[in-house]
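If you read the sequences in order, they're chains U and C. Residues in the first sequence are numbered from 89 upward in steps of one, following the numbering used here. Residues in the second sequence are numbered from -10 upward in steps of one, following the numbering used here.
Everything labelled a hint here was simulated from the structure, so no lab data went into it. Any given hint could turn out to be false.
Not close to chain U: a few residues of chain C, all C-beta gaps over 12 Å, as computed [unchecked claim]:
id, residue
1, Glu22
2, Asp52
3, Pro73
4, Asp74
5, Arg100
6, Val147
Listed below are the simulated BS3-like cross-link pairs for lysine-lysine, each with C-alpha atoms no more than 25 Å apart in a straight line [as the list claims (entries may be wrong)]:
id, chain 1, residue 1, chain 2, residue 2
7, C, Lys(-5), C, Lys148
8, U, Lys295, C, Lys(-5)
9, C, Lys171, U, Lys292
Just so it is clear, CB atoms sit at the ideal spot from N, CA and C, and this is done for glycine as well.
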Amino acid sequence: MGKVLMKGNEAIGEAAIRAGCLNYFAYPITPQSEVAEYLSRRLPEVGGVFLQGESEVAVSYMIYGAAGAGERVFTTSSSPGISLMGEGLSYCAGSECPVVVVNIMRGGPGLGGILPSQADYLQATKGMGHGDFRILVMAPASVQEAVEMVMASFSLAEKYRGPVMILGDGLIGQMMEPVEFPEHLKAEPVNKDDWATNGMGNRKSEKRNLIRSMILDPEQLNAHNLALKAKYEQMKREEVRYEPYNLDCDYRILLVSYGTMSRVCRTAIDQLKEEGYEVGLLRPQTLFPFPEEATTEAASRESCRAVLSVEMSMGQMLDDVERAVMGRRPVSWYGKCGGEVPTPEEVIEAIKRLDQSVTH
Amino acid sequence: MGVPFKKPEALSDMHTHYCPGCTHGVIHRLVAETIDELGVRGRTVGVAPVGCAVLAYNYFTFDFQEAAHGRAPAVATGIKRVRPDLVVFTYQGDGDLASIGTAEIIHAANRGEKFTTIFVNNAVYGMTGGQMAPTTMPDQRTTTSPFGRNVEEVGMPVKIAELLSALATPGYITRQTVIKPKYIIRAKKAIKKAFTYQLENRCFSLVEVISNCPTNWGLTPLESIKWAEETMLPYYQLGDYKTPE
């Protein structure tokens, strides 16, 4: 099959089906309701399960139940809805249930706005819910990449037995781009009989399975949480993804930017290049684990004078960038946090301002 | 000659943590007997609540998932929708189902989810130490209604069986109790009927079971049985509130 023109939200729904996930539970919320609309007609065609839950809270437990029973499952939502799912995702992490969650972010806090935003970075990467856990977070910069990340996410969720999040901004969900669904990203079937509550008789076993996160004994809970931590350390070793752009020249400024914002940065870089002014871009594709080493290396290039974290938030990624740069270069932030996407001209202005401030 | 009375296979050997005189043990046994009699242990998944029955999975011998407070019907929905061949039930108390989990139970019932709920109502939060529940009786003293439930301030006790039976979607909704042998026999029949409706893929089924709490009511087990009979049963009337026929 060749490329087809699809809206991001619809492509995300189709990607899950192509990857081999036929179970979807969700609650409508702008700007990603098209996923549910698309799947409500598409899933019955392929014998899948579509259910609109009564709330995001309920949905987070529907996916927990379905994943616990051993089936591939996913949901999609947007910022305020994701907050409500935080409780269920904590249970999924604690009880090690593989679920995939897509967050098409909008501005906040509170009801905020409905326009594109990257304001849930800290929530996704540092504190998706109560308790000691992390989730794998991937950030697409195009509809095609959203498709590929969604398709890859099911195997990753199963590999690490926990939640995986695709963190896209509103533009990723709303814009139309040509996409294809790579056959090789179809998730392989996985036998889950050693832990899933799929019925003892069905797996011909006398050992019953238990999905739970309550561990009252402090030593046992400590051991359990350290085992979870070991998975997150493994993610840091094995799952870091990033894309370099214009990093093979002597750039004066390094930009760190992800998602839709990174595309604007590329345009700005291309325009500045025509003026003979070099700027590099490191685009994290995984936000947790964050590409720390790559950021350190890129910031350490001799020609690099300063690092700019460009975000559609008030600078939520800044801590991660600063930590990676380790004080070797000045690090600052540029962005907008009301739902507008900064223009290439605005990014260029911010770069030039930064250059002047570090030159003098 | 066979053994006339033995522990159901679906019930484990573990000693329960329930207080002396509590009827959770009786209700667990009725569920286990039902699962044995229907021969479905190998494809049953229970969903445990938060509350006194938070450790219910220790007392059964089949697959179980734990739920957060009130969310058991959503968990059961997730399991049953993706695996309709499984026999799924939730076991919930009144703080769990009638307070924090009202949205989940109403919508699961209204969607006609094909699972079974055992709803144990003892008019108090047990595990957290005897606080007022939505089901607490008027003037009943609890640790958060030390002068008795003031219905002017917090309303009348919630009647879940009546509430759910008002939904237009077909279902099996019944209220039973296990405080006396004659009631236990009826409760067993109701529980079996509820699971049978699920096996027939007929409808959502909920058995409310009026129970006791000697510890948090501050009564002896015998006094608690008397209190449940004299105070709760006139308000929480027993019987079938809705059948799918």
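Okay, the hints, checked on the actual structure:
| no. | hint | result |
| --- | --- | --- |
| 1 | Glu22 | holds (18 Å) |
| 2 | Asp52 | violated (4 Å) |
| 3 | Pro73 | violated (9 Å) |
| 4 | Asp74 | violated (8 Å) |
| 5 | Arg100 | violated (8 Å) |
| 6 | Val147 | holds (18 Å) |
| 7 | C:Lys(-5) - C:Lys148 | violated (35 Å) |
| 8 | U:Lys295 - C:Lys(-5) | holds (22 Å) |
| 9 | C:Lys171 - U:Lys292 | violated (38 Å) |
This entry does not satisfy hints 2, 3, 4, 5, 7 and 9, going by the numbered hints stated previously.
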